[in-house]
Amino acid sequence: MSVELRQHIEKITPLTDEEFAYILSHFKTKKLRKHQFLIQEGDHVHNDHWVQKGLLKAYHTDEDGKERILQFAMEDWWITDYQAYFNEGNASIYIDCIEDAELLVLSLENREKLCNEIHGIANFFRRKSNFGFIALQQRILLLLNKNPQERYERLLQLSPQLLKRLPKTLLASYLGVSRETLSRLSQF
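Residue numbering for the sequence shown follows the UniProt record's numbering, beginning at 1 and increasing consecutively.
Heads up, some of the hints might be wrong.
What the hints assert, rightly or not - Derived BS3-like pairs (lysine-lysine); straight-line CA-CA distance at most 30 Å: (1) K164 to K53; (2) K30 to K11; (3) K53 to K31; (4) K168 to K30; (5) K146 to K66; (6) K128 to K31; (7) K113 to K31; (8) K66 to K113; (9) K164 to K113; (10) K146 to K164; (11) K113 to K28; (12) K30 to K128; (13) K146 to K168; (14) K31 to K168; (15) K128 to K53; (16) K34 to K168; (17) K66 to K31; (18) K146 to K30; (19) K53 to K30; (20) K66 to K164; (21) K11 to K164; (22) K11 to K113; (23) K164 to K31; (24) K146 to K31; (25) K30 to K164; (26) K28 to K53; (27) K34 to K53; (28) K128 to K146; (29) K113 to K146; (30) K164 to K34; (31) K128 to K28; (32) K53 to K168.
No lab work stands behind these hints: they were computed from the structure.
Based on the sequences and whatever the hints tell you, model everything.
Laid out in structure tokens, this is it:
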């Protein structure tokens with residue numbers, strides 16, 4: 001069903017065919033259309049989502065109704081409202097599709113079950129969480145300490161393929177700059 005998911009997991013931990021088949025049996029598939037919400041603020045969040053195909057954005061809407069983009073997720077990335085997911089609570093963010101998307105969905109209950117039963121998958125999720133913490137810290141420090149040009153160059157260095165797929169308005173929001181400033185930055 002998902003050779004890509006197996007390759008994704010095996011970047012961190014090897015799996016037998018039987019282990020992977022068992023792991024995969026705990027996922028469900030979900031297809032969404034462009035502009036369709038995966039999660040809306042206030043939704044109860046039960047699942048984490050691995051992107052098999054497509055591009056999504058996670059964002060918060062401020063008091064003025066302006067979107068503040070937290071994260072993008074494209075193929076081979078995970079996305080959910082992690083605060084709500086791990087606390088079994090309600091979402092404080094929105095996640096919607098920039099492109100049509102195909103996702104593999106894993107409930108918290110199934111994740112915990114798999115982690116208790118298969119050491120390798122527990123290691124995988126622990127390492128993925130650690131990578132996520134590091135990426136979040138780097139993003140915060142980038143926003144706090146770097147100017148818009150440096151933030152743009154860093155994103156270009158880390159995710160050039162993402163830049164090609166994003167509308168400029170979303171990219172500007174993610175970088176914390178106006179559309180006009182982004183136009184000036186991308187000319188350099």
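Point to revise | 30 Å limit on alpha-carbon distance, applied to hinted pair K11 and K164 | key: Given pair K11, K164 holds - Cα atoms ~25 Å apart, limit 30 Å.
Practice item. For the pair supplied as a hint, K128 and K28, confirm whether the alpha-carbon distance does not exceed 30 Å. Key: 20 Å, holds
Review point. Do the alpha carbons of K164 and K53 lie within 30 Å of each other, as the hint requires?
Key: Roughly 16 Å separates the two Cα atoms, so the pair holds.
Review point. CA of K146 to CA of K66, is that 30 Å or under?
Key: 22 Å, holds
Review point. Taken at face value, is the distance from the CA of K168 to the CA of K31 at most 30 Å?
Key: 25 Å, holds
**Study point:** Hint consistency between K113 and K146 [alpha-carbon to alpha-carbon, up to 30 Å]
**Key:** 41 Å, violated
Exercise for review: Would you check the hint for K53 and K30, treating anything up to 30 Å between C-alpha atoms as holding?
Suggested key: 11 Å, holds
Point to revise | Hinted pair K113 and K31, Cα distance within 30 Å | key: 25 Å, holds
Practice item. For the pair we were handed, K34 and K168, check the Cα-Cα distance against 30 Å. Key: Measuring from Cα to Cα gives roughly 17 Å; hence the hint holds.
Practice item. Mind checking the alpha carbons of K28 and K53 for me, to see if they're no more than 30 Å apart? Key: 14 Å, holds
Review point. Does K30 lie within 30 Å of K168 when you go C-alpha to C-alpha?
Key: 27 Å, holds
Practice item. Take a quick look at whether K146 and K30 sit within 30 Å of each other, Cα to Cα. Key: 38 Å, violated
Hints 8, 9, 18, 24 and 29 from the list above are not met by this structure, while the remaining hints are.
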